[in-house]
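Q: Using the sequences provided together with the hints, build the complete structure.
There are 4 protein chains.
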Amino acid sequence: MQFSEIIKKQIDADTRRGFPTSFENDRERQDQLMRDLVGLVGEIGEFADLLKKVGLVLSTPGYSGPSLAEAAPQLRLELADVAIYLFRLSTILEGDLENDVLQKMKINDKRYQYLER
Amino acid sequence: MQFSEIIKKQIDADTRRGFPTSFENDRERQDQLMRDLVGLVGEIGEFADLLKKVGLVLSTPGYSGPSLAEAAPQLRLELADVAIYLFRLSTILEGDLENDVLQKMKINDKRYQYLER
Amino acid sequence: MQFSEIIKKQIDADTRRGFPTSFENDRERQDQLMRDLVGLVGEIGEFADLLKKVGLVLSTPGYSGPSLAEAAPQLRLELADVAIYLFRLSTILEGDLENDVLQKMKINDKRYQYLER
Amino acid sequence: MQFSEIIKKQIDADTRRGFPTSFENDRERQDQLMRDLVGLVGEIGEFADLLKKVGLVLSTPGYSGPSLAEAAPQLRLELADVAIYLFRLSTILEGDLENDVLQKMKINDKRYQYLER
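Residue numbers (my numbering), protein chains in the order written: chain D, 1 to 117; chain U, 1001 to 1117; chain A, 2001 to 2117; chain G, 3001 to 3117.
Hints may contain errors.
[Stated by the list, open to error] Coverage of chain D stretches by chain G, computed from C-beta distances (three or more under 8 Å per stretch; other residues unrestricted):
1) 28 to 40
2) 59 to 67
[Unchecked claim] Using 35 Å as the maximum straight-line C-alpha spacing, the simulated DSBU-like pairs for lysine-lysine come out as follows:
3) G:K3106 to A:K2106
4) A:K2009 to G:K3106
5) D:K9 to U:K1104
6) G:K3106 to A:K2104
7) A:K2053 to A:K2009
8) G:K3009 to G:K3110
9) A:K2106 to A:K2008
10) U:K1106 to D:K8
11) A:K2008 to G:K3104
12) A:K2009 to D:K53
13) D:K106 to D:K9
14) U:K1009 to D:K110
15) U:K1008 to U:K1106
16) U:K1053 to A:K2053
17) U:K1053 to D:K8
18) A:K2104 to A:K2053
19) U:K1008 to U:K1110
20) A:K2009 to G:K3104
21) U:K1009 to U:K1104
22) D:K9 to D:K110
23) U:K1053 to A:K2110
[Said to hold, decoys possible] Some residues of chain D that are not near chain G, with every Cβ distance over 10 Å (derived):
24) E5
25) D14
26) E24
27) E94
28) L102
29) K104
30) K110
31) L115
Hints were generated in silico from the structure; no laboratory data involved. Where is the CB? At the ideal position from N, CA and C, for every residue including glycine.
A: In structure tokens, the structure reads:
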């Protein structure tokens, strides 16, 4: 599926649910960016917390928790949540995430040229 | 462009540069997930720091910093960086981010049904 | 209680539990900093997630979740968790957090001089 | 220095600079918690970004960046910044961070009893 189409699908659903992405002024726009950033941080935190437990199982004798294989499906869903917040933040900023990612990849192509084998 | 194709493009470039995404055992896989999570947190931090400054301009008399319009291009590039780390984390977990996002959207469709207008 | 004494109390307990803060080389030290940073991000995520829900109650008609008064005790415990990771990170870096905070306050005294009333 | 005294010193300075910590209603209180959380995330991001670079030097042949010893003083100042935001968040929640940390330590004493040697 086209990247831009997936993003549009999410934003359409958000709009129907009353989670706005377009605003009348910068004060409201900035407030919503703050809220969605906080949402994104929450999802990253869930990912981090689960990954930490996987790591403790590997490094601390006697610590009980999930293996990486057991945690992977949940970890992947947390990443999907992060992606959804990313779509929202980009849209509020009137960005085109597909385009912005491709542009950033080009910048990195030059920046990391010296590491290419 | 297809979402999965963009992700593949990034992972191919990373592989050429010596930033690995495939591993022999869970210990190495977990270590790399940690490192990429830390990278992602760094990018989110840059986004947060710039957004904070935009907010202070709006709320604190006399504080000097960028307007939202001035900061937006940089904010969008930070989001692109976050996306790139997300592609890496998903790949290390042998996930399919396009599929995982679409699956999560379906879960949210049910969960937020009661908010639909 | 002295700030430095509280930190020492935490590190002593960690040591008894096998959560190390001293290392033989930079590779191990860096790995542990990564792990504790991930732990800290997990705690901040829990704080963010709960704060987000409080915000949605205030802004989204029909959204069900806790009030700020209901969430406050849990939010405060999450901050305590963040503080504990901070003590660990500072100790691994052979820092003196009390001293470092006081030094940073002095830097801020100059930096924000122009905002003083 | 007493932990509570250090916190008070910071909050007094913030008040003089127009960075508020007390509010008339939950809407304003929640907004400020969001803003300070975003500030805290920014500082953690700076810490993460620098720590990532230290890690890349250790793991990626040819990558140029600081050693842990070179980065440590800056990393410690970032932690001080995180601590300062923590003091603010706790105060806005009408918490007593010293007390909350000591309470959380007691909870952990029970929780991690099984790991004690």
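Q: Against each hint, give a clear statement of whether it holds in the structure.
A: Each hint tested on the structure:
Remark: the stretch 28 to 40 of chain D is confirmed as covered by chain G, as 5 of its residues place a Cβ nearer than 8 Å to a Cβ of that chain, reaching the required three. Beta-carbon proximity to chain G at under 8 Å applies to 3 residues in the stretch 59 to 67 of chain D; the threshold of 3 is reached and the given coverage holds. Between the alpha carbons of G:K3106 and A:K2106 the distance comes to roughly 33 Å, so the proposed pair stays at or under 35 Å and holds. For the proposed pair A:K2009 and G:K3106, the alpha carbon gap of about 11 Å is at most 35 Å, so the pair holds.
For the suggested pair D:K9 and U:K1104, the alpha carbons sit about 12 Å apart, so the restraint of at most 35 Å is met. Between G:K3106 and A:K2104 the alpha-carbon distance is near 30 Å, which keeps this suggested pair within the 35 Å criterion. For a cut-off of 35 Å, the pair hint linking A:K2053 to A:K2009 stands: about 34 Å separates their Cα positions. A threshold of 35 Å between alpha carbons decides the hint, and for G:K3009 with G:K3110 the separation of about 33 Å falls inside it, so the pair holds.
The hinted pair formed by A:K2106 and A:K2008 meets the criterion: a straight-line CA distance of about 24 Å does not exceed 35 Å. Straight-line distance between C-alpha atoms of U:K1106 and D:K8 comes to about 15 Å, which keeps the hinted pair within the 35 Å bound. As the CA atoms of A:K2008 and G:K3104 are separated by approximately 15 Å, the hinted pair is consistent with the 35 Å bound. Using a Cα cut-off of 35 Å, the hinted pair A:K2009 and D:K53 holds, with the two alpha carbons roughly 24 Å apart.
For a cut-off of 35 Å, the pair hint linking D:K106 to D:K9 stands: about 27 Å separates their Cα positions. Restraint check: the Cα-Cα separation between U:K1009 and D:K110 comes to about 15 Å, which is no more than 35 Å; the hinted pair holds. Distance restraint check for U:K1008 and U:K1106: the Cα-Cα separation of roughly 24 Å lies within the 35 Å cut-off, and the hinted pair is therefore satisfied. Between U:K1053 and A:K2053 the CA atoms are separated by roughly 24 Å; this keeps the pair inside 35 Å, and the hint holds.
For a cut-off of 35 Å, the pair hint linking U:K1053 to D:K8 stands: about 29 Å separates their Cα positions. Distance check on the hinted pair: A:K2104 and A:K2053 sit about 33 Å apart at the alpha-carbon level, within 35 Å; holds. A hinted pair counts as satisfied when its Cα atoms are at most 35 Å apart, and U:K1008 with U:K1110 qualifies at roughly 31 Å. With a CA separation close to 12 Å, the supplied pair A:K2009 and G:K3104 stays within the 35 Å bound.
Between U:K1009 and U:K1104, the direct Cα distance comes to roughly 24 Å. Compliance with the 35 Å bound is thereby established for this hinted pair. About 33 Å separates the Cα atoms of D:K9 and D:K110, which keeps this hinted pair within 35 Å; it holds. The hinted pair formed by U:K1053 and A:K2110 meets the criterion: a straight-line CA distance of about 18 Å does not exceed 35 Å. For D:E5, the condition that its CB be more than 10 Å from all CB atoms of chain G holds, with the nearest at approximately 30 Å.
The Cβ of D:D14 sits about 19 Å from the closest Cβ of chain G, beyond the 10 Å cut-off, so the non-interface label holds. Non-interface call for D:E24 relative to chain G: holds, since the shortest CB-CB distance, roughly 18 Å, exceeds 10 Å. Every beta carbon of chain G lies more than 10 Å from that of D:E94, the smallest distance being close to 20 Å; the non-interface claim holds. For D:L102, the condition that its CB be more than 10 Å from all CB atoms of chain G holds, with the nearest at approximately 23 Å.
Residue-level check passed: D:K104 sits 16 Å from the nearest beta carbon of chain G, beyond 10 Å. Every C-beta of chain G lies more than 10 Å from that of D:K110, the closest at about 16 Å, which supports listing it as non-interface. Look at D:L115: its CB is around 6 Å from the nearest CB on chain G, not clear of 10 Å, so calling it non-interface is violated.
Consistency with the previously given hints fails for number 31 only.
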